[in-house]
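Number of protein chains: 2
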Amino acid sequence: MERSTQIQRGPNDPGLQNPGRRTLLLGSAGAMAAVSLLGFTPLARGEEPKSLPDYAAWKDRSALIVHSTNTMETHRGAIGQGVVTPSDRLFIRNNLPTPDKSIVADRDAWDVNIEGVKTPKKLTIGDLKTMGVTTVASVLQCSGNGRAFFPHGASGTQWSVGAAGCVLWTGVPLKTVVEALGGPVDGARYITSTGGEALPDGLDPKTVVVERSVPLRAMDSALLAWEMNDTALPLTHGGPLRMVVPGYYGVNNVKYVKNIAFTENQTDAKIQASGYRIRDVGQKGAPDQPSMWEMNVKSWVTAPLETAQNGRNMIYGVAFGGTKALSGVEVSTDGGKTWKSARFLGPDLGPYAWRPFVMAAELSPGEYRIVSRATDVEGNSQPEGRKDNERGYGHNGWSDHGVTVTVS
Amino acid sequence: MERSTQIQRGPNDPGLQNPGRRTLLLGSAGAMAAVSLLGFTPLARGEEPKSLPDYAAWKDRSALIVHSTNTMETHRGAIGQGVVTPSDRLFIRNNLPTPDKSIVADRDAWDVNIEGVKTPKKLTIGDLKTMGVTTVASVLQCSGNGRAFFPHGASGTQWSVGAAGCVLWTGVPLKTVVEALGGPVDGARYITSTGGEALPDGLDPKTVVVERSVPLRAMDSALLAWEMNDTALPLTHGGPLRMVVPGYYGVNNVKYVKNIAFTENQTDAKIQASGYRIRDVGQKGAPDQPSMWEMNVKSWVTAPLETAQNGRNMIYGVAFGGTKALSGVEVSTDGGKTWKSARFLGPDLGPYAWRPFVMAAELSPGEYRIVSRATDVEGNSQPEGRKDNERGYGHNGWSDHGVTVTVS
Chain A
1 MERSTQIQRG PNDPGLQNPG RRTLLLGSAG AMAAVSLLGF TPLARGEEPK
51 SLPDYAAWKD RSALIVHSTN TMETHRGAIG QGVVTPSDRL FIRNNLPTPD
101 KSIVADRDAW DVNIEGVKTP KKLTIGDLKT MGVTTVASVL QCSGNGRAFF
151 PHGASGTQWS VGAAGCVLWT GVPLKTVVEA LGGPVDGARY ITSTGGEALP
201 DGLDPKTVVV ERSVPLRAMD SALLAWEMND TALPLTHGGP LRMVVPGYYG
251 VNNVKYVKNI AFTENQTDAK IQASGYRIRD VGQKGAPDQP SMWEMNVKSW
301 VTAPLETAQN GRNMIYGVAF GGTKALSGVE VSTDGGKTWK SARFLGPDLG
351 PYAWRPFVMA AELSPGEYRI VSRATDVEGN SQPEGRKDNE RGYGHNGWSD
401 HGVTVTVS
Chain B
1 MERSTQIQRG PNDPGLQNPG RRTLLLGSAG AMAAVSLLGF TPLARGEEPK
51 SLPDYAAWKD RSALIVHSTN TMETHRGAIG QGVVTPSDRL FIRNNLPTPD
101 KSIVADRDAW DVNIEGVKTP KKLTIGDLKT MGVTTVASVL QCSGNGRAFF
151 PHGASGTQWS VGAAGCVLWT GVPLKTVVEA LGGPVDGARY ITSTGGEALP
201 DGLDPKTVVV ERSVPLRAMD SALLAWEMND TALPLTHGGP LRMVVPGYYG
251 VNNVKYVKNI AFTENQTDAK IQASGYRIRD VGQKGAPDQP SMWEMNVKSW
301 VTAPLETAQN GRNMIYGVAF GGTKALSGVE VSTDGGKTWK SARFLGPDLG
351 PYAWRPFVMA AELSPGEYRI VSRATDVEGN SQPEGRKDNE RGYGHNGWSD
401 HGVTVTVS
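These protein sequence lines map, in sequence, to chains A and B. For the first sequence, UniProt numbering begins at 1 and goes up steadily by one. For the second sequence, UniProt numbering begins at 1 and goes up steadily by one.
I should point out that these hints are in silico values taken from the structure, not numbers from a laboratory. For clarity, every value in this text was computed on a predicted model and none was experimentally measured. Take the hints with a grain of salt, since some may be wrong.
The list cannot tell twin chains apart, which means a pair is met if one copy fits it or any two copies do.
[Claimed, not checked] List of simulated lysine to aspartate or glutamate pairs, EDC-like, C-alpha gap at most 20 Å:
hint: 1; residue 1: Lys387; residue 2: Asp280
hint: 2; residue 1: Lys324; residue 2: Asp348
hint: 3; residue 1: Lys129; residue 2: Glu362
hint: 4; residue 1: Lys324; residue 2: Glu294
hint: 5; residue 1: Lys258; residue 2: Asp268
hint: 6; residue 1: Lys258; residue 2: Asp54
hint: 7; residue 1: Lys129; residue 2: Asp108
hint: 8; residue 1: Lys129; residue 2: Glu306
hint: 9; residue 1: Lys121; residue 2: Asp186
hint: 10; residue 1: Lys175; residue 2: Glu264
hint: 11; residue 1: Lys118; residue 2: Glu179
hint: 12; residue 1: Lys101; residue 2: Glu197
When you get a sec, could you build the whole thing from the sequences and use the hints?
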């Protein structure tokens, strides 16, 4: 099928602008060694492969910027104006190599261990499917989406805006499962999920295991999902079963989930203890720094990108509020000097979904800096600037996320 | 990608149950001649091709029952539980051969003529895209969906339940276009849309042209759509531009639309004058019979289909109210003797969308007749029986649409 929007690549995509960008997947001293052990292939500019790796071969190649074999983002021009991101355009970010496809051969047989509840139990997907079901639309976004805009050269994948999408997840509410097992044990403060990836030899498991803790409050919205966009959850995106925490950054949505524990403390796995922590540039990660949990309010323009026509144009974008619904989004064509309200486009899929927006603008020949600014129902608006931090997480500043468009 | 549900084919699919079913595409006396001239290939049972015709090759073959090269329905077991039907599983029903793909080579250059307005004008898709935009979820359903359940052997494609899907359409509201052109001329009572297919030689154009009139009231919701499910409208489904009339039967959603006229009378094209008319069995079609416009309230079960497990099962289905939102849907596991309310699943995409539903049921060994009954906000419920009519249109009786399931 043809895609709706012509993909424009150019100066508005910082990942392509900076030939010297760092493409390391891990920021620590042993990064290159670990990258090698995990079998990842970081790519320099111009090295993008023509085809996608096997596990992602079903994706729309033309919609994706391939940063490495395990990290691919959606082109800004391929995000579209839809309320749901078609699966074949959704970004990929894996912390470990994708498990063998044999784990999706008999989906209903996959089991997950539930611990830290009154009656701990191992449940198969077949069991879970009889317990309850819900469908929730929520934005999946990497913590480092927007990292490419940080001038200090934050290490990690140089995501622009495309490490995000809005997905329909179907599965059983975690709360339903936990209540059936008697509820969390006394003193539980966190939900700790462990991925089912095989851990590579030669590395301390704690340094590579995908194990994330989120606060117990997430239980009200979390689900164990077996479908994505009304299709059996692809292996590529964590199938057969994924922990989905609506409104939380991507890393908390643990793929191929094998264990869920209600715990008093957060896990001491590196990805939790020192990874995905907000700290000043130059600082090491530590458990007392803020963890990447609830997402902040954010938006960006998706069209036009480089050129617009003389006359009336439709300016499109997407906006979301993390765990909070949006109250509105404004657009400026003069780099933030003046703003007008944009209109949301299409049905509202709920507080965790993104909302495409549109605003008509008359543009005469010249250059325009088009930016957008979303506000959530609690009154939080996107800031103008960045909050510089070592790993380039959580960037929602409206200025960097704008596009410069020429009308001739 | 793997699909979520295993496709079950069997006794609940009448199209497969009746080896003698009629597979003619046109019901008139000259049907076979016309079929030949149009290049269609009706298929008898067991003749389904392994692959799909070129224009539909991107579809998920395993999700479709192929009735002919121009008519394919979604397996009941592939409908899924989603709020939107993935495009590659959506049914196909074309009245004429699909135009050459050259018409989607430069989509924005496609033009449509707007007549019967104060300032008639030819507008390109490029023009339309600057005028306005909306995204609407609506059910696309063939008038003959459910035809296979009529015992009199209504001629036409023997659709079971799968000539329907819920689609996100993006385009400009027709009202916006018409208002920009000064509004409809005085006395206009119908909106008449003409498809851009090349008409075959050797047939009177009026007998084959796809030209449909809908009442002027449809202007409040109609749109000229260039996207489907956030992807440029595939040629297969009427791209580059389709008239979409939310809540109306499929035939009114004219593909490759080239002309829209606000008219005092309905078109005298055969597809309007005598086609798609409700009349008694044995009667010929005529303009004074009800036309297939607004859809009626309807639902059906999508899972389980043939077997269920001993114990707790989730019963799934889809329900919609045509142009009216739903107030609820009930499910019976004893063929309609007793009913329980089912729960809607997932976000509500608006009054024209379908709503997946789910109900948990404890089933012990035995045979169950599972049926569903939807009610719209105006209190219209599905009837139990059929309203027999010559061409087998508009069947929404709950009894025929049920499934028989064995628990062992």
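Quick rundown of the hints versus the structure:
Taking CA atoms no more than 20 Å apart as the test, Lys387 paired with Asp280 passes inside one copy only; the shortest distance there is 9 Å, against 72 Å between copies. In the homo-oligomer, the alpha carbons of Lys324 and Asp348 lie at most 20 Å apart both inside one protomer (13 Å) and across protomers (18 Å), since each shortest distance falls under that limit. Taking the closest pair of Cα atoms, Lys129 and Glu362 come within 20 Å of each other only across two copies (14 Å); inside a single copy the shortest separation is 52 Å, beyond that limit. Proximity of Lys324 and Glu294 under a CA criterion of 20 Å is satisfied intra-copy only: 10 Å inside one chain copy versus 37 Å between copies.
When the C-alpha separation of Lys258 and Asp268 is checked against a cutoff of 20 Å, the pair qualifies only within one copy, where the shortest distance is 17 Å, while the shortest distance between copies is 64 Å. Taking CA atoms no more than 20 Å apart as the test, Lys258 paired with Asp54 passes in neither setting, with 24 Å inside one copy and 42 Å between copies. Taking CA atoms no more than 20 Å apart as the test, Lys129 paired with Asp108 passes inside one copy only; the shortest distance there is 9 Å, against 45 Å between copies. Within a single copy, Lys129 and Glu306 get their C-alpha atoms only as close as 47 Å, which misses the 20 Å cut-off; across copies the closest is 18 Å, which meets it.
In the homo-oligomer, the alpha carbons of Lys121 and Asp186 lie at most 20 Å apart inside one protomer (17 Å), although the nearest pairing across protomers, at 71 Å, exceeds that limit. When the C-alpha separation of Lys175 and Glu264 is checked against a cutoff of 20 Å, the pair qualifies only within one copy, where the shortest distance is 18 Å, while the shortest distance between copies is 59 Å. Taking the shortest Cα distances, Lys118 and Glu179 sit within 20 Å of each other inside one copy (9 Å), while across copies they are farther apart (64 Å). Proximity of Lys101 and Glu197 under a CA criterion of 20 Å is satisfied intra-copy only: 12 Å inside one chain copy versus 44 Å between copies.
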